[in-house]
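J.: The chain contents come next:
There are 2 protein chains.
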Amino acid sequence: MLVVGIDLGGTEIKAGLVDSEKGIIKKTSHPTEVEKGNKKVIENITLVALELMKGVKVQSIGIGSPGSIDRGKGIVRFSPNFPEWHDFELGENIKQNTGVEVFVENDANAFALGEWYFGKAKGLTDFIALTLGTGIGSGVVCNGLFLTGKNGLAPELGHMVVIPNGPQCGCGNRGCVEAIASAKSIAREARNLLERYPNSLVLNLAGSKEKIESKHVFDAYKQNDPLAKVVVNFAIDALAQAIGNYIHAFNPEKIIIGGGMSKAGDALFIPLKQTVNKFVMTSFANTYSIEQSLLVEDAGILGAASAALYGGRVI
Amino acid sequence: MLVVGIDLGGTEIKAGLVDSEKGIIKKTSHPTEVEKGNKKVIENITLVALELMKGVKVQSIGIGSPGSIDRGKGIVRFSPNFPEWHDFELGENIKQNTGVEVFVENDANAFALGEWYFGKAKGLTDFIALTLGTGIGSGVVCNGLFLTGKNGLAPELGHMVVIPNGPQCGCGNRGCVEAIASAKSIAREARNLLERYPNSLVLNLAGSKEKIESKHVFDAYKQNDPLAKVVVNFAIDALAQAIGNYIHAFNPEKIIIGGGMSKAGDALFIPLKQTVNKFVMTSFANTYSIEQSLLVEDAGILGAASAALYGGRVI
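Keeping their order, the protein sequence lines are chains A and B. In this text, residue positions in the first sequence follow this note's numbering: the first is 278, and each later residue adds one. In this text, residue positions in the second sequence follow this note's numbering: the first is 278, and each later residue adds one.
Errors might be hidden in some of the hints.
No distinction is drawn between identical chains; accordingly, a pair holds when it is met within one copy or between any pair of copies.
What the hints assert, rightly or not - 27 Å max Cα-Cα, derived DSSO-like pairs, lysine-lysine: (1) K316 / K303; (2) K499 / K334; (3) K488 / K304; (4) K555 / K540; (5) K506 / K334; (6) K427 / K550; (7) K372 / K499; (8) K372 / K350; (9) K555 / K331; (10) K303 / K488; (11) K531 / K350; (12) K506 / K317; (13) K555 / K461; (14) K506 / K331; (15) K350 / K427; (16) K316 / K499; (17) K506 / K304; (18) K531 / K427; (19) K316 / K427; (20) K299 / K313; (21) K304 / K550; (22) K488 / K372; (23) K488 / K331; (24) K427 / K555; (25) K316 / K399; (26) K486 / K550; (27) K492 / K316.
No wet-lab data here; the hints were simulated from the structure.
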């Protein structure tokens with residue numbers, strides 16, 4: 278079966294023609310052009326979809342979008358980073374323009390579906406997928422069911438408060454794991470600590486304070502840079518506490534971690550696994566594994582495609 | 278349909294003949310006699326079951342037991358408070374002695390099933406049930422499914438760590454919500470603070486330091502006792518943080534709270550609701566309500582009966 282997977286990002290639309298057995302067959306992309314308004318975004322999505330559909334029979338289209346999604350109606354209710362996407366009728370518009378059914382899914386949930394269909398969660402009934410990027414996105418499958426909750430808002434695992442009155446989070450709360458362990462938060466903490474560690478390697482690697490990203494912090498961490506160690510340890514403690522809590526809540530077989538920050542590899546995963554172990558009750562020992570996603574750059578497209586492949590089966 | 282519900286406690290076996298429409302028809306009880314060994318416990322359970330089955334046709338028996346349960350086999354794998362119940366073959370033994378099918382369920386999960394069948398969760402697809410007692414027990418229904426996870430261990434929401442390096446919990450961790458906001462933890466905190474508040478009303482109400490229970494603390498709290506305020510506020514902050522986290526994880530329609538401590542009523546529920554509100558993201562506002570269980574003393578029997586009524590439908 279062929280579907281189109283569209284990863285709708287703030288700056289770029291990445292899309293692929295995806296075979297349910299073979300994965301991505303063909304890829305394309307186009308600037309999102311958010312600044313030109315919703316009509317233009319619809320035009321651009323239509324453009325990439327029709328390009329991929331040329332000469333082949335496509336079953337349906339899946340779109341992974343940031344924000345809160347009304348799955349039934351294919352509407353982006355709101356997207357914190359794109360205020361103009363309020364009640365943005367993606368599904369219906371793309372369906373009219375392409376003539377095939379369209380499934381719209383939150384990008385973090387789409388990532389989880391992609392792991393379920395094409396990745397490390399293939400065949401599993403119980404897993405958690407996390408994306409560590411600007412924020413922390415999440416998707417959960419428990420007892421074989423993709424969890425979305427009463428209003429389709431679950432799971433927002435990135436907004437688990439792990440430190441009461443901790444760092445301010447974009448959501449309005451304090452101490453969410455996202456406010457401590459996301460790529461953005463790690464970069465912020467590193468910038469905040471520069472005055473105390475003026476000779477930190479992080480600064481050399483980034484070039485300037487403003488340019489510091491989480492990858493510079495992890496690269497410095499690998500070289501035992503004191504600032505990087507403080508920041509990474511703070512993030513890993515919070516993330517491990519959160520993952521321990523997820524394990525106790527959902528009893529998953531795997532926790533699969535993707536997103537830009539997961540590229541840190543062993544520097545992230547080795548200490549993270551050790552610290553999670555500290556938080557997990559004896560009765561849950563050896564019930565789970567923590568693994569790095571292998572979908573990498575294709576995670577967005579494969580996730581969106583999986584939203585189409587699972588289609589109506591996901592509530 | 279008639280079933281027998283058996284609430285297996287450490288000191289007492291409470292049991293009832295339960296009609297699926299009318300609820301409890303007849304009740305009985307018997308000492309558990311844990312100290313006389315597993316064989317005696319089986320004998321006592323059989324005794325109450327046969328008493329209730331006399332002259333009526335019973336479909337099946339549900340047993341709610343503390344500890345970790347193997348649902349498929351009806352075995353109590355282990356129960357922290359009753360070490361001798363290791364791989365305790367409850368289901369098969371009671372089936373042989375009574376001639377009807379037996380469903381064994383963890384008592385906190387049974388409480389959730391009881392709320393689903395007979396209580397405030399009737400007809401709901403998304404809710405969380407919490408019991409505030411010696412520990413904090415939990416059961417979750419999400420997207421219409423009773424969640425148990427890969428190994429049937431979920432959900433252990435009482436062991437969500439809410440304060441890193443917080444008070445020691447019986448599970449080995451520190452800062453679990455159970456270690457702060459359970460009845461036992463509240464009594465412990467009150468005892469710990471007595472030296473600083475030697476004239477606390479809590480001491481008058483309890484009679485002596487050793488006799489302090491959470492109900493004395495809540496009674497003193499209602500009268501603005503300074504010690505009680507410190508202890509209750511600490512517990513409510515932790516519990517509210519945990520409930521906020523549960524709401525973001527599961528997007529439930531209701532959070533139903535039972536167990537001995539829920540009898541504190543408004544003294545618990547009014548400040549709890551206000552504090553949970555602080556932790557909940559805007560997008561989840563007005564999606565949930567927090568309610569006191571009405572099953573009260575019958576919650577254990579009705580929960581166990583519901584485990585039988587749901588029977589094979591619960592994974």
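J.: Against each hint, give a clear statement of whether it holds in the structure.
T.: Hint check results:
1. For the homomeric pair K316 and K303, the shortest alpha-carbon distance inside one copy (26 Å) is at most 27 Å, but the shortest distance between copies (66 Å) is not.
2. For the identical chains of this complex, K499 and K334 are neighbours neither inside a copy (48 Å) nor across copies (69 Å), given an alpha-carbon limit of 27 Å.
3. In this homomeric assembly, K488 and K304 never come within 27 Å of each other (Cα to Cα): the closest approach is 30 Å inside a single copy and 71 Å across copies.
4. Proximity of K555 and K540 under a CA criterion of 27 Å is satisfied intra-copy only: 24 Å inside one chain copy versus 35 Å between copies.
5. Taking the shortest alpha-carbon separations for K506 and K334, neither the intra-copy value of 52 Å nor the inter-copy value of 67 Å comes in at or below 27 Å.
6. When the C-alpha separation of K427 and K550 is checked against a cutoff of 27 Å, the pair qualifies only between copies, where the shortest distance is 19 Å, while the shortest distance within a copy is 32 Å.
7. Taking CA atoms no more than 27 Å apart as the test, K372 paired with K499 passes in neither setting, with 48 Å inside one copy and 59 Å between copies.
8. For the homomeric pair K372 and K350, the shortest alpha-carbon distance inside one copy (11 Å) is at most 27 Å, but the shortest distance between copies (49 Å) is not.
9. In this assembly of identical chains, the alpha carbons of K555 and K331 never lie at most 27 Å apart, being 53 Å within a copy and 51 Å across copies at closest.
10. For a Cα distance limit of 27 Å, the shortest separation of K303 from K488 qualifies neither inside one copy, at 34 Å, nor across copies, at 72 Å.
11. For the homomeric pair K531 and K350, the shortest alpha-carbon distance between copies (25 Å) is at most 27 Å, but the shortest distance inside one copy (31 Å) is not.
12. Taking the shortest alpha-carbon separations for K506 and K317, neither the intra-copy value of 45 Å nor the inter-copy value of 57 Å comes in at or below 27 Å.
13. Taking identical chains as interchangeable, the C-alpha atoms of K555 and K461 lie at most 27 Å apart whether they share a chain (26 Å) or sit on different chains (24 Å).
14. In this homomeric assembly, K506 and K331 never come within 27 Å of each other (Cα to Cα): the closest approach is 51 Å inside a single copy and 69 Å across copies.
15. Proximity of K350 and K427 under a CA criterion of 27 Å is satisfied intra-copy only: 15 Å inside one chain copy versus 32 Å between copies.
16. Taking the closest pair of Cα atoms, K316 and K499 never come within 27 Å of each other, the shortest separation being 46 Å inside a single copy and 58 Å across copies.
17. In this assembly of identical chains, K506 and K304 lie within 27 Å of each other by CA distance neither inside one copy nor across copies; the values are 39 Å within and 62 Å between.
18. For the homomeric pair K531 and K427, the shortest alpha-carbon distances inside one copy (25 Å) and between copies (10 Å) are both at most 27 Å.
19. With identical chains, the CA atoms of K316 and K427 are never at most 27 Å apart, being 31 Å at best within one copy and 45 Å at best between copies.
20. Within a single copy, K299 and K313 get their C-alpha atoms no closer than 36 Å, and across copies no closer than 62 Å, so neither meets the 27 Å cut-off.
21. For a Cα distance limit of 27 Å, the shortest separation of K304 from K550 qualifies neither inside one copy, at 35 Å, nor across copies, at 50 Å.
22. Taking CA atoms no more than 27 Å apart as the test, K488 paired with K372 passes in neither setting, with 41 Å inside one copy and 68 Å between copies.
23. Taking the shortest Cα distances, K488 and K331 never come within 27 Å of each other, neither inside one copy (41 Å) nor across copies (78 Å).
24. For the homomeric pair K427 and K555, the shortest alpha-carbon distance between copies (21 Å) is at most 27 Å, but the shortest distance inside one copy (33 Å) is not.
25. Taking CA atoms no more than 27 Å apart as the test, K316 paired with K399 passes in neither setting, with 37 Å inside one copy and 44 Å between copies.
26. Taking the closest pair of Cα atoms, K486 and K550 never come within 27 Å of each other, the shortest separation being 30 Å inside a single copy and 43 Å across copies.
27. Proximity of K492 and K316 under a CA criterion of 27 Å is satisfied in neither setting, with 35 Å inside one chain copy and 61 Å between copies.
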